[in-house]
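> Here is what each chain is made of, one letter per residue.
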Amino acid sequence: MLEPLLKIVDLFCERDERILFEQLSFDVQAGQLVQVVGPNGSGKTTLLRILSGLSSSYEGELFWKGDPMADVREEFAASMLYFGHQPGVKGALTPEENLRWYAAIHPSIDERDLHQALNKVGLAGYEDVPCHSLSAGQNRRVSLARLYMTHAPLWILDEPFTAIDKRGVAEKEALLAQHVEQGGSVILTTHHDLSHSGPVTRLNLEEYMGT
Amino acid sequence: MLEPLLKIVDLFCERDERILFEQLSFDVQAGQLVQVVGPNGSGKTTLLRILSGLSSSYEGELFWKGDPMADVREEFAASMLYFGHQPGVKGALTPEENLRWYAAIHPSIDERDLHQALNKVGLAGYEDVPCHSLSAGQNRRVSLARLYMTHAPLWILDEPFTAIDKRGVAEKEALLAQHVEQGGSVILTTHHDLSHSGPVTRLNLEEYMGT
Amino acid sequence: MTSMHTNTSDESLWRLFSAVLKRDLLLSFRKKSDLVNPLIFFLMVATLFPLGVSPQPAVLSEIAPGIVWVAALLATLLSLDSLFRSDYEDGTLEQVILSPQPLMVVCFSKVVGHWMTTGLPLTLMSPLIGMMLFLPAQGMLGLMSSLLVGTFTLSLIGAIGAGLTVGLKRGGVLISLVVLPLYIPVLIFGTGVVEAAAMGVPYDGFLAIMGAMLALGCVLAPVAISAAVKISVSG
Amino acid sequence: MTSMHTNTSDESLWRLFSAVLKRDLLLSFRKKSDLVNPLIFFLMVATLFPLGVSPQPAVLSEIAPGIVWVAALLATLLSLDSLFRSDYEDGTLEQVILSPQPLMVVCFSKVVGHWMTTGLPLTLMSPLIGMMLFLPAQGMLGLMSSLLVGTFTLSLIGAIGAGLTVGLKRGGVLISLVVLPLYIPVLIFGTGVVEAAAMGVPYDGFLAIMGAMLALGCVLAPVAISAAVKISVSG
Amino acid sequence: MQFSTFSEFINMGGHGLYVWLAYGIALAIITANILMPILARKALINNLVRRARREKHQASRQESQKL
Amino acid sequence: MAGKKWMPRWFYQLASPRWCYEFTGKLLPWFAAIAGLSLVGGVVWSLMFAPADYQQGNSFRIMYIHVPSAILAQSCYMLMAIAGAIGLIWKMKVADMVAYSCAPIGASMAVIALVTGAIWGKPTWGSWWVWDARLTSMLILLFLYMGVMAMHAAMESESMAAKAASVLSLVGLVNIPIIKYSVDWWNTLHQPATFTLTEKPAMPAEMWMPLLVMVIGFYCFFAVSLMMRLRTEILRRERRAGWVRELIVAGTSDKG
Ligand code: HEM
Ligand SMILES: Nc1ncnc2c1ncn2[C@@H]1O[C@H](COP(=O)(O)OP(=O)(O)OP(=O)(O)O)[C@@H](O)[C@H]1O
Ligand SMILES: Nc1ncnc2c1ncn2[C@@H]1O[C@H](COP(=O)(O)OP(=O)(O)OP(=O)(O)O)[C@@H](O)[C@H]1O
Ligand SMILES: [Mg+2]
Ligand SMILES: [Mg+2]
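Chains Y, W, X, A, D and U, in that order, are what the protein sequence lines are.
Its first residue numbered 1, the first sequence is counted upward by one per residue in the UniProt record's numbering.
Its first residue numbered 1, the second sequence is counted upward by one per residue in the UniProt record's numbering.
Its first residue numbered 1, the third sequence is counted upward by one per residue in the UniProt record's numbering.
Its first residue numbered 1, the fourth sequence is counted upward by one per residue in the UniProt record's numbering.
Its first residue numbered 1, the fifth sequence is counted upward by one per residue in the UniProt record's numbering.
Its first residue numbered 1, the sixth sequence is counted upward by one per residue in the UniProt record's numbering.
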């Protein structure tokens, strides 16, 4: 294999006197799907926020395609798509307007795929309903529609399947499998079993737990 | 069987010009576990909010132990425990203080079971950590601890397993099974498969979908 | 498992009242800033006027009663926005409404807690501001007594607005619109008391009227507040 | 799949700027109340003074410049609290920070949007309030021009406070503490302009100083705002 | 020496109240500024000592359990 | 970190909390001694030996605490903002702690200046308070301190609080000259200065000598108080580090 897409070296993170993980090193290759697992409070969200660049309260080093993260922050940002606990959907805007806005702020998201994406997540017919009158799951689907529109090679997803119904989950899993097959990478946490996503590398945070 | 605990007759609900469900009639008996199923946006949350008394935008009739709901609102409130999308946990208070407060406002919740309940949900050792520095799953566990402290016969739970890890889900399912066995009733929505909860009655909202 | 009836005896109501009050005070004391910030805001707003209007003692002492009262009114108003908001956002308000306990008592208790953490300290601090605005020394007692009675009325009225706007995303300014017109009688009588006191005229008549407004508020406001909260939550 | 570089050419920055601005304006126009509320607040605060202070034209016209400015300042301040808050709460702010686009441009664009929906309408409405407070007619132009320049400076400075407090549960009063001291120069020069104009004295010197403050703000504030937002979000 | 008698010194030519009040308040605030860090430091060290002792205790207990 | 090579060595040593703890431990007794001596000496001198002002009489003696505290309140803000900037730019923890420790000291100096000024004003101007340019800008300075302290108090995480407070104090630093200028201008427009603080009779040496002593004493007191707060803060934030544990285990004998 070539240079790993993302390389994590000796990561250490502590919160409120408790070491969440230490000596955490792993590589994410192109074409790999990494599932971060661990019980509640083991630090999955914390790890994902560190990897995406949202949090800087850690020690250790991150490399993007071989370069230290600090030097290539912008390039990394352009090639990464993050999906957090909050769906990032404005209630007063319609699904369509929400996605257009995402296309404007993120160069890897292509506005032309918008209608197709809404179709794929099962929101055809809801294009012009303001999001605050959608259900919990529908709101998350709006945000997930970005996955159908992006060219970013790395996806970081924090519990993307929360509140999504069975069929929706199966579809999303297929999408992940396809993305990985095309050479993209995914890092995700979920309490679901991944059954339709092809080979999965598991990263168990309990193994790196502090003493 | 005797008088059903909760009787729903010809319920109709419409939102934004779209009929969510109509002619919905069903009974909840003591000792029954009802799972409301349906895809995202089919109206599960809406139904649960109507049943619990949080929402009154519906047509149809509800009976509690044979009496029309409006007449026995207070008795119903005392015998029902609701768990919604929001965990209802104050970030600035510790898990213990949060639960004490619940005991103060709800007569069916017994303060003496507090420590045992925290133990059961795996939060022993976090009694005096403010909840804002707990993870998403831990926060929901605080709220779920109420289930271990209550004597209320009817539980209404809206996606109680969101963000809870595998082992936690199994334990909660066992708790539901035990509650049902002791003659309590549960109405819940969840996108998980219930596998450890004994017999489950399913209410599929798609069958009552409006035309 | 038997159904449980609520015990609405006086004693149980009192227990509920004190549990809610204790929790709200605990929340305030845990975040000290919640206690101090309205005070500093009060002080700062009062300072804006000498800067904006005129620093001359003659001018200031004339407008001092109005300024202190307007500043107190605004400080109360702003701190009110958060009275129900955090409870709403994290889902506790939903739980309170669903509980069999009388919502009115819970609401009244929250208002008392709010007053104890804003109105009362505001009253205690008012002489300082009175001094900075050259309010005559004989006016101080009138200032404090009118604020003591008045701020509680303000909290009661404001809580109605807070309850009505709690379900809205950007309540911030809306609550002012709802509440300010209702505040005007309090403002008029409050400044009336202070002006009378500053001139050395007896002011117990005005103060009695303020007391009457407070009594009326204590009776009627809790009903309105709990109705407002219920509407907002079960929208 | 190739990595994508950001195109930070002027044109793409302009596109980003206008996309953000358009969205914020759209959000305001969809909730009409957001547009109207600061205006009504402005009006109401200005009406409190005749009630609280004194209804006499002589007194009012003397304190009018100060009152209009203080009311405008408070209206801006209160509406600022929500500048980043809803974006923070629903997770959009997180996404903006993670995007490769320059945060400074996004922040500046949001401030412009805020000014267009509060400062500008406030300026347009100010003659009405000036009239109600018996401000001499020759002072109106000074009032409007000082507000036009000054409210934008207020929005810029206030946005720093909004960015710093956005992560906190009860930002409400804190933002006032942080921002009010920084507002004082604007208040002083703003009222200076109005008073000079009302007396018929030339005021372009003061206005030039306000312009200079605005220019300084435009250069420095976006840096501080984006730093503040980043700190708040990434804890 | 500007004052010939002690009471003159206290009286400060009629301004005694002001002068002594000012010096008194300043003294109080300055002492508070010295005392508060000392107290905070004491409390912190006590805390840390207690924690260190507790950890040592726990460690030894775990040792003995293993044996 | 750019520009590493051009930084003098002490800068990096200071960046180490441990070195800083030990270094301040050595300095502390010296400063404490100077502060104690000059404050006691200065107070005795100013209360008993300095001549009374021919206009203001003995209330003039208030100046000997009023002026040093007013000067100190201003320089403390500078130090706080500069330390904050260093903490922001070079991510230096010790600088953050210095900034954090400065705020309450500066605020209390501002309070002393205001209170003593107010007390002085009563016999001199016949009123506790006037909206004079100097007094107003000192009040605003106190507000700025309060904002910074409120920021620290409101944030849950220490590193976040430090960064946020630093941004705020830097913004305040840019604003201080503007505020000063505007307040000066405001006062001259509204009211012909009835009392000017600047227009002082040339002070004779026996008047300004004790003032100089007091100023030195205040600065040394500031250093002492700052170092004590800083040391506690270092211990608190580094409590997990090995050297702190050793220090604690070695005994609580280390006082200071
Ligand atoms: C609350 C009231 C007062 C405040 C906040 C205040 C504030 C200040 C400030 C900020 C300084 C500047 C120190 C410096 O940077 O050199 C100062 C100096 C001074 N103040 Fe006050 N002052 C107050 C009242 C008074 C009064 C009533 C007097 C006497 C009549 C007075 C006399 C002086 C003198 C003589 C100086 C030294 C002048 C100089 O060094 O330039 N102050 N005061
Ligand atoms: N506040 C609202 N105003 C108007 N319509 C709404 C509102 N909330 C929800 N709806 C509509 O009601 C429908 C049902 O929403 P509900 O939240 O009950 O769905 P749900 O079954 O709980 O879905 P999920 O599985 O996603 O939680 C949605 O399709 C939505 O369009
Ligand atoms: N804001 C915070 N301040 C301090 N500690 C925190 C904070 N947020 C989380 N923590 C701590 O960090 C730990 C890890 O939290 P994190 O959110 O990363 O867990 P998680 O693995 O995502 O859990 P979940 O499955 O419940 O989402 C928690 O145990 C919690 O105690
Ligand atoms: Mg998580
Ligand atoms: Mg739902």
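In case anyone wonders, no lab produced these hints; they're calculated from the structure.
The structure presented is a predicted model; accordingly, all values stated were derived computationally and were not measured.
Glycine included, every Cβ here is placed at the ideal spot set by N, Cα and C.
Any given hint could be a false lead.
Estimated spans, in silico, between C-beta atoms of each pair [unchecked claim]:
id, chain 1, residue 1, chain 2, residue 2, range
1, U, TRP208, A, ALA137, 33 to 39 Å
2, W, GLU14, A, LEU13, 43 to 49 Å
3, U, GLU22, D, THR5, 50 to 56 Å
Over 10 Å on every C-beta distance to chain U, these chain X residues come out as not near it, computed from the model [claimed, not checked]:
id, residue
4, SER18
5, LEU26
6, ILE40
7, PRO55
8, MET132
9, PHE134
10, ALA208
11, LEU214
Which stretches of chain A does chain U cover? Using the computed rule of at least three CB atoms under 8 Å from a CB of chain U, they are [said to hold, decoys possible]:
id, segment
12, 77–85
13, 115–127
> For every hint, state whether the structure bears it out.
Here's how the hints hold up against the structure:
Checked against the hint of 33 to 39 Å, the C-beta distance between TRP208 of chain U and ALA137 of chain A comes to roughly 54 Å, which is inconsistent with it. A beta carbon spacing of about 47 Å between GLU14 of chain W and LEU13 of chain A agrees with the range 43 to 49 Å that was offered as a hint. In this structure the supplied range 50 to 56 Å holds for GLU22 of chain U paired with THR5 of chain D, their Cβ-Cβ distance being about 51 Å. With a closest Cβ-Cβ approach of about 28 Å to chain U, SER18 of chain X is found to remain outside the 10 Å limit, as its non-interface label requires.
Annotated as non-interface, LEU26 of chain X keeps its C-beta farther than 10 Å from every C-beta of chain U; the closest such distance is 17 Å. Under the 10 Å C-beta cut-off, the non-interface status given to ILE40 of chain X relative to chain U is violated; the minimum distance is some 6 Å. With a minimum CB-CB distance of about 3 Å to chain U, PRO55 of chain X fails to clear the 10 Å threshold, and the non-interface call is violated. Non-interface call for MET132 of chain X relative to chain U: violated, since the shortest CB-CB distance, roughly 5 Å, does not exceed 10 Å.
Look at PHE134 of chain X: its CB is around 7 Å from the nearest CB on chain U, not clear of 10 Å, so calling it non-interface is violated. Every beta carbon of chain U lies more than 10 Å from that of ALA208 of chain X, the smallest distance being close to 32 Å; the non-interface claim holds. The Cβ of LEU214 of chain X lies farther than 10 Å from every Cβ of chain U, with a closest approach of about 31 Å, so its non-interface assignment holds. For a cut-off of 8 Å, the count of residues in the segment 77–85 of chain A with a CB near a CB of chain U stands at 0, and the three-residue condition is violated.
Counting residues of the segment 115–127 of chain A whose beta carbon lies closer than 8 Å to any beta carbon of chain U gives 0, which falls short of the minimum of three for the stated coverage.
Hint compliance for this structure: hints 1, 6, 7, 8, 9, 12 and 13 are not met, and every other hint is.
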